[in-house]
Amino acid sequence: MPSTFNTLERENLFLNPSSDKFGYPELQKLVKPHIESFNSLLEPAGKGILHLAIDDIGALEIFDVPNNSPESGNKLTIWIDDVMIAKPLLSENVRLAKSRQIYPTECRERLTTYAGKMTAKFCWCNLYNLYSRQLIQHHEESEEMGGYFIVNGIEKVIRLLLIPRRNHVMALIRPSFTNRGEDYTEYGVQIRCAKLDQSTVTNTLHYLKNGGCMIRFSWKKQEFMVPVILVMKSLIEVSDKGIYDTLVQGEHTNTFLTDRVELMLHNFKLFNVQSREQCTSLLGEKFRITFSPPPYYTNKQVGDLILNKVILVHLRTKKDKFNLLTFMIRKLYSLVAGECCQDNPDSQQNQEILLGGYLYGMIIKEKLFDVLNGFRAVVSMDINAKRKVNFNEKKYMNHLFAKVTNNNVGQKLSYFLATGNLVSNTGLDLMQTTGYTIVAEKLNFYRFISHFRCVHRGSFFTTLKTTTVRKLLPESWGFLCPVHTPDGTPCGLLNHLSHTCRIVTERLKVDKIPEILAEIGVSKNVTTEVSSDGSLICVQLDGKIIGWCDSEQAKAISNELRKRKFDITNPVPLDLEIGYVPPSNGGQYPGIYLFSSPSRMMRPVKYLFNNKTDMVGSYEQVYMDIACLDEDVINGVSTHQEFAPTNMLSILANLTPFSDYNQSPRNMYQCQMAKQTMGTPATSLRYRTDNKLYRLQTGQTPIVRPELHNILGLDGFPNGTNAIVAVISYTGYDMEDAMIINKSSHERGFAYGTIYKSEVIDLGDYRTTGEPIKYHFGFEKDAPPAWREKLDKDVIGDKFSSRHGQKGILSQLWPQINMPFTESGMQPDIIINPHAFPSRMTIGMFVESLAGKAGALFGVAQDCTPFKFNENDTAIDYFGEQLRRAGYNYHGNEPLYSGATGEEFKADIYIGVVYYQRLRHMVSDKWQVRSTGPVHNLTMQPIGGRKRSGGVRFGEMERDALLAHGMSFCLQDRLMNCSDYSQCHLCAKCGSIFTALIVKEHETRNDVKYKKHHIICKVCDTAQYITLIKIPFAFRYLATELASMGVKITLDTKY
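Each step along the sequence shown adds one to the number in UniProt numbering, with nothing skipped, and position 965 is 965.
Restricting the straight-line Cα-Cα distance to at most 27 Å, the calculated cross-link-like pairs of lysine-lysine (DSS-like) are:
hint	residue 1	residue 2
1	Lys-300	Lys-195
2	Lys-544	Lys-309
3	Lys-524	Lys-319
4	Lys-220	Lys-300
5	Lys-1000	Lys-989
6	Lys-221	Lys-309
Hints listed in this document are in silico derivations from the structure and should not be mistaken for laboratory results.
Kindly produce the complete structure, drawing on both the sequences and the hints.
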């Protein structure tokens, strides 16, 4: 049987990297959403996000007279003509360098920021379009992926966040809506509108107790409510009857709808406005101060400004905005009437990803807008200070531009990347201000790549007491991994994308979609003429109403549109999301919702109609029938099929061998422990200056590995060692989670690791004025600190783990002469207790032991991809037959002989090869000893924390352990002598520790006066019963607190 480890191919790829491609292109795709979102900031032909942003900002008009002046004055118009980002370069003051280009390695070593000025060309990284050979020449990894920033030498990643889906109307029932006012109810519909520059504005439609509707929007972190009829009449010229017909849409028998529309129109007559001009002027009059328009703007112009800036900003025409408002009102009334259910904002169906590049662009847009406002502020200050303001004078203009510069834009961006804190005047329509960036730790390579695939729900949700947002919902299938989430506080909030999930980052070409829809049966009429029975449903494209279609034909229309994805003559993008929601009784609001916007989660599945790859989104998947296996396909029902059952898992969850045999929590633990393993963080270690790096010296490629391991080239970053593991209760040192390691294996380097630490040393700190200069060479105690390398052997107490969440502590290094051995002379490297398996149910470790043993015998790599075996084709048959052919027991058991007596054990022992990981949790980093030391200033008890010379918590279970071992007196030493030992005076008669009083007396002896002190009880007025006692200071503190509330503590004493 030929070897399948591909050792020579990997060695050749490592020694001879390519100069025109990457060795493992799938690895580059993992960070594609991060990189492409930043590349979209500045695209050619002025289509970049920043170009669209400055177009949206527009021009700022400034006048040289006060705002309340009746004169118009002179006008200065300022706008941003173009925005560019430079490649990272050395400062212009550096003139001795051969090249001014800076590369990431130099910034890591110098602890500087890898950035360019905001005044030059497009910000491509200097490593862009470089491949393996060129990357190695610049001291980078051969498979360097990018996707992160370097701030002060530290690698930072902008975290992916889950946010509401853009341009989609969601029906919500929230009790907090009633806090908006006395007439507000818990019902509402909400839409998060996104402009082309990715900035967003959220509009919410509230249902009132009187049947009316109010639209809510935010402007500079302030919320405003406006009657929706006022907004509708400000958009287009329409009569009350026109609004009635538009909202009712022929359903005159629906009295619930007609009564509320009539009442809403009747209540609006109180505003005494009718025409569009009157309504727009009223809107502008109310918001003139809030929006600060130019002084010459009329109320109507201010009203139009509001409609463009905050009302359904994703739509360009006012007619489209009017139509969508109509749809929102009808959906809101359907929600109140119980005709449709509320949408779940915690479901992936109604969510998308906030990409780092888009957030970065939103911050830049706001800071550029602040720069323009800075000119207005300087002019206003000069006018108020009675300074001469003359826009035609060069001296004043130089003064103006000297006061306002764009240099601080880059500083604010660096602050954002360094801290993750968002400092914004508007809030950018986001729910949090902190936690946007994280450090891309390179503890090992698995941890590093996980940073780019993790998705957080938001820091706001970590404070909620409800567990609703943490639940795993069926809608996340194939998009978010059901296994890879940490246990503890972030459980369910910090998730990871499945390894096949792809995030759309480009804008799709959908200009021809309305014409194609018209060809296949969608009416182009987007207004009011629908059937009286309400059988027509709405067709929308990115929140814009395209037309209507009959509910009976809607499914056929969506299917036909999907088929045209594969028609070359019809320009339907493959990433177009076709969400068909069928009519139902109390279900989701029906319609055909098409999405082509970026930030959506998509994944590949097989389209059974033509056996080609189709991309499916999280919204449309809910109403599709996607078979998992071949036997799940139902003719006439199933439309798609999974390429592999493992597509639902993340990268790390896929790397767990035979995870389908394990208990689910163990797979979750392995995903965390794989990121805590002392592995191989990088191959360019000599050029890295991380504070601390761990490296496994004896890393090996696993014998048992999944297919994804080879695809991603993870053999270049080994994370553990193949160990011979025997399951036997051999000594008393393998109880519970403990494990025994062969001492000779340890001496030969088993699980040896290296710790690299870096320090920044300022030699001036070690010299004082007048101190003679000394020359010293070497690394003795008195030498100056330097970069050092420390070989770390595994010692008793260090933590190990298999790839199945079977963690254990090294309890003893057992001499090889006393270790059990097989008939062939093999001795185990590790001995674990059989009791480790029944409660944890990690059957996958048994299977890995079989597969690893067979793979070692035949010299082949064994595929451990989950769901490869079933009840008809079992793993025991597959690997057991391999063992039988090699002359070993079919079940993996072998006779073992005692190392102490040489006698054969009465039972055969299960022994095989398992890939073991050494975790970074080491005794040398955690042990601490203290007798006395720093204490809390109130209780006088030891503080916690090893770094603060604190103590280890001595809890109730530790107390019980000492009592059980007959060591009661040790409790006094631990809990008082070394804790909060104190002495105080007690009156044994009244039992109080507060009444002791020092009385000074004068005594004359031999004509000399002496001061004499007596301690008496103030209550008993005698010193006879005063005694000195030893008590914990915490008790004295408790007694003092109770005394302050009038509660007296009396000690029962025997005198």
